[in-house]
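**Q** Given next are the chains, with one letter for each unit.
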Amino acid sequence: MSSSYTDAPPVRVVSLYPDVMNVYADRGNLLAIRHRAAARGIALEEFDVSLEDPLPPEADLVLIGGGQDREQHRIAAELAARGDTLRAWAEDDTAMLAVCGGFQLFGRWYRDKRGRTLPGVGVFDATTVAPGPRAERAVGDILIESAVPGLGPRAERDPRAVQVVGFENHAGRTYLGPSARPFGCVRFGRGNNGADIYEGAVYREAIGTYLHGSVLPKNPALLDHLLASALSHRLGALVTLDPLPAPYAERAHTAAVAITERRSPPR
Amino acid sequence: MIAGRGAGAATRRLGRGGGTALPGLVAGAIAPRLLEELSTDLPLGVVTVTGTNGKTTTAHLLAAILERAGLDPLANHAGSNLERGLAAAYVSEVDATGDLEHSDRRIGVFEVDEAALPPLFPRLQPRLATFLNLFRDQLDRYGEVDSVATGWHRMLADTSPQTGLVLNADDPNIALLGEGSARAVTRFGVDDPEVALHSAEHASDARFCPNGNRYRYDAIYMGHVGLWYCDCCGSRRPDPEVSARHVVLESDHSIVTLSIAGTEVVVELPLSGLYTVYNALAAAATAHALGVTPDVIAAALTEAGAPFGRQERFQLGDKTVRVLLAKNPAGLNEVIRTLAASDGPLTVLAMLNDGIQDGQDVSWIYDADLELLTGRRPTLIAAGDRADDLALRWQLAGVEAQAVVPETEAAVDVALDETRPGDRLDVVATYTAMLAVREALARRAGVASYWERPDAHRPAEAAP
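Residue numbers (the numbering used here), protein chains in the order written: chain A, 1 to 267; chain B, 268 to 731.
What the hints contain is simulated information worked out from the structure, not anything from laboratory work.
Glycine is no exception: its CB is placed at the ideal position from the N, C-alpha and C atoms.
Any given hint could turn out to be false.
Calculated pairs, DMTMM-like style, for lysine to aspartate or glutamate (alpha carbon to alpha carbon, straight line, at most 25 Å) [claimed, not checked]:
(1) 113(A) x 69(A)
(2) 586(B) x 610(B)
(3) 113(A) x 425(B)
(4) 113(A) x 413(B)
(5) 586(B) x 684(B)
(6) 113(A) x 78(A)
Covered by chain A, per the in silico footprint, the following chain B stretches (three or more residues, Cβ under 8 Å) [what the hints assert, rightly or not]:
(7) 475-483
(8) 616-629
(9) 632-639
(10) 660-671
Please put together the full structure from these sequences, using the hints given.
**A** In structure tokens, the structure reads:
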């Protein structure tokens, strides 16, 4: 399939509530996708979908970032009302990356610190409960080993491919249901709830995670995985991307891994 | 008390930095009620200055105005703004019997960390509390922006109505602190849509009014700061008593027409950027609330120099070095805008540290609009503990670093080599990186170390 994708029609990238769920710099994920796609000769067509905006008819990659309780409350009902479409897209192997508050709302439901329950999209079989105000937030550098096929199997050749590094900052504790798979296992840091070893969730080509950083710029293997998924969805055929060095990203990744191993609790 | 002062001298003699908050730590351990006791020793009371960005500059400008007005301000000048820093400011001023040197013109001007303010507030009993702005900052340390605002509202609900407020009318997070309040409120703001942004910045921290409706703006000055209103609940940016009617931003200074309760004065600030205009407005409004006349305010603002590390300049041979502190998205955006408006070729030494005082999380660099500088094609040197993260961020903005040099001295060497004779090097640094680079530059320029400077009573240890 080498390089045939450079003639592909543009990959459709949908950013959900980019002006609301933008508290934690997760737009770095979109910046990294733009930069990497340009370097690979992949064209993008971008859609910002905020409050009251319609979803485009189709999407190859969906992004949503983190927000505080206030922002989550603002979007939850509308987002849940888009649940049928988003779940259908997930079933159809649209690539997705939902981070932190966005990840929580892509689960079944989220109960905030005052006990109010927000409906979720239900892409992931996961539920989240925010403990009371006195409970400790999960804050710090985090390093996980990904369980995602395409990231995982490469581990034997390139151990960095399976490691995903970032920064977590969340009060909510997320618990995976019986049909959910984790995005990865925590090696340093806290992850979904600090009790089990899991971080994030995966359903088909959709990934939910607590990792900021932003996560995609300094995890080029994950970035390429999402780009390949999105392109495969666009073309309706499995695409393998050509190798392409990412020296800046690799250096930032290596540095962040070293810092995390030094600063965060091992698991 | 004297034990505390000895500790400061000893740390400085040991060459371990400024020894800035250790005196406060020692004195605080010996006399835990130090702040309460000494606050009552200030005959003109205490003024607090709080906000995400601009505390140090505002407190510095306010102290300069009050000094010119004939008062005797006691300040924690150098950014040491947690409890220990405040106690240290006292300790540096007491005599051998432990009494504050007596003067009936003494007034406390304290910049206080935004998260540290609620527990300190009842102990300081300020006569006036100035609130500058509330932006996302070090979310790893402060938690969420909303929880800081909630803490302030609770704090004020428990505070005597004797405490007056000085509020930024243009920041809805701040303006709402005065809503329905029985206390005296003085507001400040910018009334010159000419200096508004043409498009909203990415990092905006007050998008929804308390009823959950989206704020709208007649003009956005920075982030979520501007001429805001809510067309649903009808709340809107209140009219400020102290306002900037006309603002001219030059690359190294600003000319501002201030209206102070109806009297217009023109001020030339030796600092660039709209954010320093806001700091000057806050200082002017606070001084006005204390009864200082507009002409004294204008004269003092024009004469005040840059405080420690905030737009400081060094002359190294035929090259000028300007040091700009940037420690959160709003601050970095303003620095980027200042650089974009600067004349001549741009050489930038960008430094990112991830210590506790900087914020251990470096995600925030993705919130800042570095792309505003891409077209200027700056010569970039990335440095600091997280130099690789910074170089990657700039690469995504279309600027490839000339060099990535984590270590300070080596980075300064490379950056000076890249700066052509007669040109200027701009250093953009997070808090601890700024401390380190300032030391390196001061030594090369033959300038006194920061703790030897007369305007830096007790330099920084605490959070920026």
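**Q** Take a quick look at whether residue 113(A) and residue 69(A) sit within 25 Å of each other, Cα to Cα.
**A** It holds: about 9 Å lies between the C-alpha atoms, which stays within 25 Å.
**Q** Do the alpha carbons of residue 113(A) and residue 413(B) lie within 25 Å of each other, as the hint requires?
**A** Judged against 25 Å, a Cα distance of about 14 Å means the pair holds.
**Q** Is it true that the CA of residue 113(A) sits at most 25 Å from the CA of residue 425(B)?
**A** 23 Å, holds
**Q** Hint check: residue 586(B) vs residue 684(B), CA-CA at most 25 Å. Holds or violated?
**A** Measuring from Cα to Cα gives roughly 10 Å; hence the hint holds.
**Q** Is the straight-line distance between the alpha-carbon of residue 113(A) and that of residue 78(A) 25 Å or less?
**A** With a Cα-Cα distance of about 21 Å, the restraint between residue 113(A) and residue 78(A) holds, given a limit of 25 Å.
**Q** Within the region 660-671 of chain B, is the number of residues with a Cβ closer than 8 Å to a Cβ of chain A three or more?
**A** Per the Cβ count (5), the hint holds.
**Q** Report holds or violated for chain A covering the region 616-629 of chain B, Cβ cut-off 8 Å, minimum 3 residues.
**A** holds (count 4)
**Q** Would you check chain A against the region 475-483 of chain B, counting CB to CB pairs closer than 8 Å, and say if three or more residues qualify?
**A** holds (count 3)
**Q** Three or more residues of the region 632-639 of chain B near chain A by CB distance under 8 Å?
**A** Check passed, 3 qualifying residues.
**Q** Please work out if residue 586(B) and residue 610(B) have their alpha carbons no farther apart than 25 Å.
**A** 15 Å, holds
The structure fails none of the hints (numbered hints given earlier).
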